[in-house]
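K.L.:
Sequence:
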Amino acid sequence: MSVMAALYSVFSVMPELPEVETVMRGMMGRLLGERIHAIVVRRPDLRWPLPPGLGQALKGRTIESFRRRGKYIFIRVSRGQSVLLHLGMSGRVMLDDADSTLEVGEGKLRHEHVAFTTEGGQRFGLVDPRRFGALDLVETEAEDRHPLVAAMGPEPFDPAFTADTFLKAFAGRRSPVKVMLLDQRIVAGLGNIYVCEALFRARIHPETPAGLLGRPALKRLVVAIRAVLQEAIDAGGSSLRDYVQPDGELGYFQHAWRVYGRAGQPCPACKGDPGCPGVAQITQAGRSTFFCPQHQPAVDNGPAVSVDTGHRQGRISRKSKNSA
1 MSVMAALYSV FSVMPELPEV ETVMRGMMGR LLGERIHAIV VRRPDLRWPL PPGLGQALKG
61 RTIESFRRRG KYIFIRVSRG QSVLLHLGMS GRVMLDDADS TLEVGEGKLR HEHVAFTTEG
121 GQRFGLVDPR RFGALDLVET EAEDRHPLVA AMGPEPFDPA FTADTFLKAF AGRRSPVKVM
181 LLDQRIVAGL GNIYVCEALF RARIHPETPA GLLGRPALKR LVVAIRAVLQ EAIDAGGSSL
241 RDYVQPDGEL GYFQHAWRVY GRAGQPCPAC KGDPGCPGVA QITQAGRSTF FCPQHQPAVD
301 NGPAVSVDTG HRQGRISRKS KNSA
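For the sequence shown, full-length UniProt numbering assigns the number 1 to the initial residue and increments by one for each residue that follows.
If you are wondering where the hints come from, they were derived from the structure by calculation, not from laboratory data.
For clarity, every value in this text was computed on a predicted model and none was experimentally measured.
Any given hint might turn out to be false.
What follows is a set of in silico ranges between Cβ atoms, one per label pair, in the way DEER data are often shown [to be verified]:
| id | residue 1 | residue 2 | range |
| --- | --- | --- | --- |
| 1 | Pro274 | Thr140 | 57 to 63 Å |
| 2 | Arg42 | Gln230 | 33 to 39 Å |
| 3 | Pro268 | Gly55 | 47 to 53 Å |
| 4 | Gly286 | Ala142 | 29 to 35 Å |
| 5 | Asp164 | Gly286 | 25 to 31 Å |
| 6 | Ala38 | Arg173 | 46 to 52 Å |
| 7 | Ala160 | Gly264 | 24 to 30 Å |
| 8 | Thr283 | Ala142 | 36 to 42 Å |
| 9 | Ala285 | Lys59 | 40 to 46 Å |
| 10 | Ala160 | Met28 | 20 to 26 Å |
| 11 | Glu141 | Asp273 | 52 to 58 Å |
C-beta: ideal position from N, C-alpha, C; glycine also.
Input sequences plus hints: build the corresponding full structure.
P.N.:
Structure representation (structure tokens):
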């Protein structure tokens, strides 16, 4: 049974770009064109307090379109306003029929803090056990000026996102490339899972100082980021838990992870090479990083000039020259 045909469609995700995109598409399929009938606020104290009078302000508005920006969703309604939605660390959107008989505090409605119903019989709620999510009301024309998204970098699928984006952002920076990629000011929507996966595909060691990477490596990185994200979107994102739903698990990209969560397992690229130590795990900026030391060779800090860019570039510490 498809997600849209199921009576209950529960999107429970790690809120990186593919999962947020999946949530938005699911909402779009059920809610686009619907007129908001009522909003019930059970707990206004999420990550930030909900706007006063949110329910009254949105009653009677028509849901006209959706837009994702990084890990945020804008639900655009009539009369030129948008509802900003952020899932936080543990939030999910639950879609069902407005006449559902589920009881608050039980089953799927546990920790549901805000619920919307529509005149067409649809219902969607924000379920957030840790209350790190957020809802806000903003003028549609001012979406990009909202404090939560104003400083964001380009979208990974934006044609303006190129190797030059990284060359400018990384110039002179000694921070590890893995840490830099998690900075939403550089590129929007990336999180720990997909950064690890993209660096693996681009054959870039996660501890490489960002400023030492030359144009060839950064071109590979852009291609890898887009490929990983698109594949994850096509798979419905990554889900780390099992759900007893009519349509089964929402996301299955976790089954395609090449390094993330695979510490100690053979590297899928090295294919049993006896010299490969397998997937390694380290901690960077408080986050687990997974990579293959052989497939993603380390770069030393010695000076070398990148012929194609003129930037200083690190020397490869192994025979392969693919990581810079």
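K.L.:
Does each hint hold? Answer for all of them.
P.N.:
Do the hints match the structure? See the list:
1. Pro274 / Thr140: 57 to 63 Å: Holds: the Cβ-Cβ distance is about 59 Å, inside 57 to 63 Å.
2. Arg42 / Gln230: 33 to 39 Å: Between arginine 42 and glutamine 230, where Cβ atoms are some 37 Å apart, the hint holds.
3. Pro268 / Gly55: 47 to 53 Å: Holds: the Cβ-Cβ distance is about 50 Å, inside 47 to 53 Å.
4. Gly286 / Ala142: 29 to 35 Å: For alanine 142 against glycine 286, whose Cβ atoms are near 33 Å apart, the range 29 to 35 Å holds.
5. Asp164 / Gly286: 25 to 31 Å: holds (30 Å)
6. Ala38 / Arg173: 46 to 52 Å: Hint holds: Cβ distance 50 Å, inside 46 to 52 Å.
7. Ala160 / Gly264: 24 to 30 Å: violated (40 Å)
8. Thr283 / Ala142: 36 to 42 Å: At roughly 39 Å between Cβ atoms, alanine 142 and threonine 283 fall inside 36 to 42 Å, so the hint holds.
9. Ala285 / Lys59: 40 to 46 Å: holds (43 Å)
10. Ala160 / Met28: 20 to 26 Å: For methionine 28 against alanine 160, whose Cβ atoms are near 25 Å apart, the range 20 to 26 Å holds.
11. Glu141 / Asp273: 52 to 58 Å: holds (55 Å)
Figure legend: structure checked against the earlier numbered hints; the only hint not met is number 7.
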